[in-house]
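Participant: Numbering-wise, the numbering used here puts 72 at position 58 of the sequence shown, and it's gapless, one number per residue.
Simulated from the structure, these hints should not be mistaken for lab results.
A couple of the hints might just be wrong.
Here are the simulated lysine-lysine pairs, BS3-like style, with alpha carbons at most 27 Å apart [said to hold, decoys possible]:
#1 K249 with K176
#2 K99 with K249
#3 K183 with K249
Quick list of the computed label-pair ranges, beta carbon to beta carbon [unchecked claim]:
#4 K151 with E95: 29 to 35 Å
#5 P104 with P125: 27 to 33 Å
#6 T223 with G75: 24 to 30 Å
#7 D49 with S94: 15 to 21 Å
#8 L181 with P104: 46 to 52 Å
#9 H281 with T196: 15 to 21 Å
#10 S347 with P125: 38 to 44 Å
#11 G216 with G108: 29 to 35 Å
Even for Gly, the Cβ is constructed at its ideal location relative to N, Cα and C.
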Amino acid sequence: MNTKRLFQPAFRMGAWVLVALLVAFTVPVQAASVDATRTARTIAHMLDYVGVDYPEFVREGKVLDEAEYQEQLEFSVQVSEQLRKLPDHPAKAGLLRQAETLRAYIAARAPGEAVSGLAGELRQGVIGAYQIAIAPKRAPNLRGAARLYASQCASCHGVAGKGDGILAKGMEPAPADFHDVTRMRQRSVYGLYSTISLGVTGTPMTGFTQLSEEDRWALAFYVASLATPTDVTQKGAAIFAAGGKTLPFVNLRDLAILTENEVRSSHGEDASMVFAWLRQNPGKAKIAAESPLAFTGRHLDESLAAYRAGDISLAQRLAVTGYLEGFELVEASLDASDRALRQDIETQMT
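Assemble the whole structure, with the sequences as input and the hints as a guide.
Facilitator: Following this line, the structure appears as structure tokens:
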């Protein structure tokens, strides 16, 4: 790998800019970043629900459940209001326009496909603009997740995940049926992770904050795979072994953020079967995970773009993240191949 070339775009602005960004990254900025991340995460969580639930309750312009429809309207209002609270960003104006369009669609009882599609676009836009961590740090252990599900979830969602647990009777709304293929194909693992982490307001589903982040991700991957038939995963495994490793989504980030329907629409039926198999075998996705150096280069390029757009706060966050969560992880291995180059890059960054 030509490491100098990798970092060249980000360093065009000069070492003094990155030094200023890193030095200026103070505790108040960190606190603001945490608040912004929480707000952005909540927005993404609401959009995930709109994308999945709206098509169930509004069909051909008719409202099938007035209470649920009103909830969708309220979510659309909250999305716009919460977006306005986020820090300035070059993409913010466009996100707000999309949010207002989404609100208008829901008010006009637009087709479910239109609302779901726009909600998905807006969700990914928020995640990208505000750098929400939308994937686990490492591939989750799904064997451990099965035991965790049995102890934490089965009493409501049922031993097999069909929403028929011993505590489910009389619950309003009823616990989710993870074998509802139509619904689960519209859900991302990240959306499930958010539900496990935050809960669902106004329902018996509370957030499982007592579980570690790693356990919550494992549960999300586990329940995401319950609706997939065995023959589909077997075909997906065969396609992956025969060359599916080159598909663009075989990494943990895309496994977490994409839905099965999105993969099918963009890449076809075979790709969706590979995607379903990888959800059950996320450890296989690590072969295509973004390298630490690529992570750093991408974040520094994004930092430069934010700086040029006048968003110093975002540029600071991106620069520091690129260094701490990317470059620092491979310092030892870089020393083994070119210590002088590693020291030169680190000097420029710090």
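Participant: Taking the Cβ atom of S347 and the Cβ atom of P125, is their distance within the range 38 to 44 Å?
Facilitator: 52 Å, violated
Participant: Does the Cβ distance between P104 and P125 fall inside 27 to 33 Å?
Facilitator: Since the Cβ atoms of P104 and P125 sit about 31 Å apart, the hinted range of 27 to 33 Å holds.
Participant: Could you check the hint for me, namely that D49 and S94 are 15 to 21 Å apart, CB to CB?
Facilitator: Given a distance of about 18 Å, which is inside 15 to 21 Å, the answer is holds.
Participant: Sort out whether K176 lies within 27 Å of K249, counting only the CA atoms.
Facilitator: It holds: about 24 Å lies between the C-alpha atoms, which stays within 27 Å.
Participant: With a cut-off of 27 Å on the C-alpha distance, tell me whether K99 and K249 pass.
Facilitator: 46 Å, violated
Participant: Lying within 46 to 52 Å: is that true of the beta-carbon distance L181 to P104?
Facilitator: Holds - the Cβ-Cβ distance for L181 and P104, about 47 Å, lies within 46 to 52 Å.
Participant: Please test the hint of 15 to 21 Å on the beta carbon pair from H281 and T196.
Facilitator: Given range 15 to 21 Å: holds, Cβ gap about 20 Å.
Participant: Take the C-beta atom of T223 and the C-beta atom of G75, compute their distance, and say whether it sits inside 24 to 30 Å.
Facilitator: 40 Å, violated
Participant: Using the Cβ atoms, figure out if G216 sits within 29 to 35 Å of G108.
Facilitator: Check passed, 31 Å falls within 29 to 35 Å.
Participant: Indicate whether the distance between the beta carbons of K151 and E95 respects the range 29 to 35 Å.
Facilitator: Holds - the Cβ-Cβ distance for K151 and E95, about 32 Å, lies within 29 to 35 Å.
Participant: Starting from K183, check that the Cα of K249 is at most 27 Å away, please.
Facilitator: 37 Å, violated
Consistency note: the structure conflicts with the earlier hints numbered 2, 3, 6 and 10.
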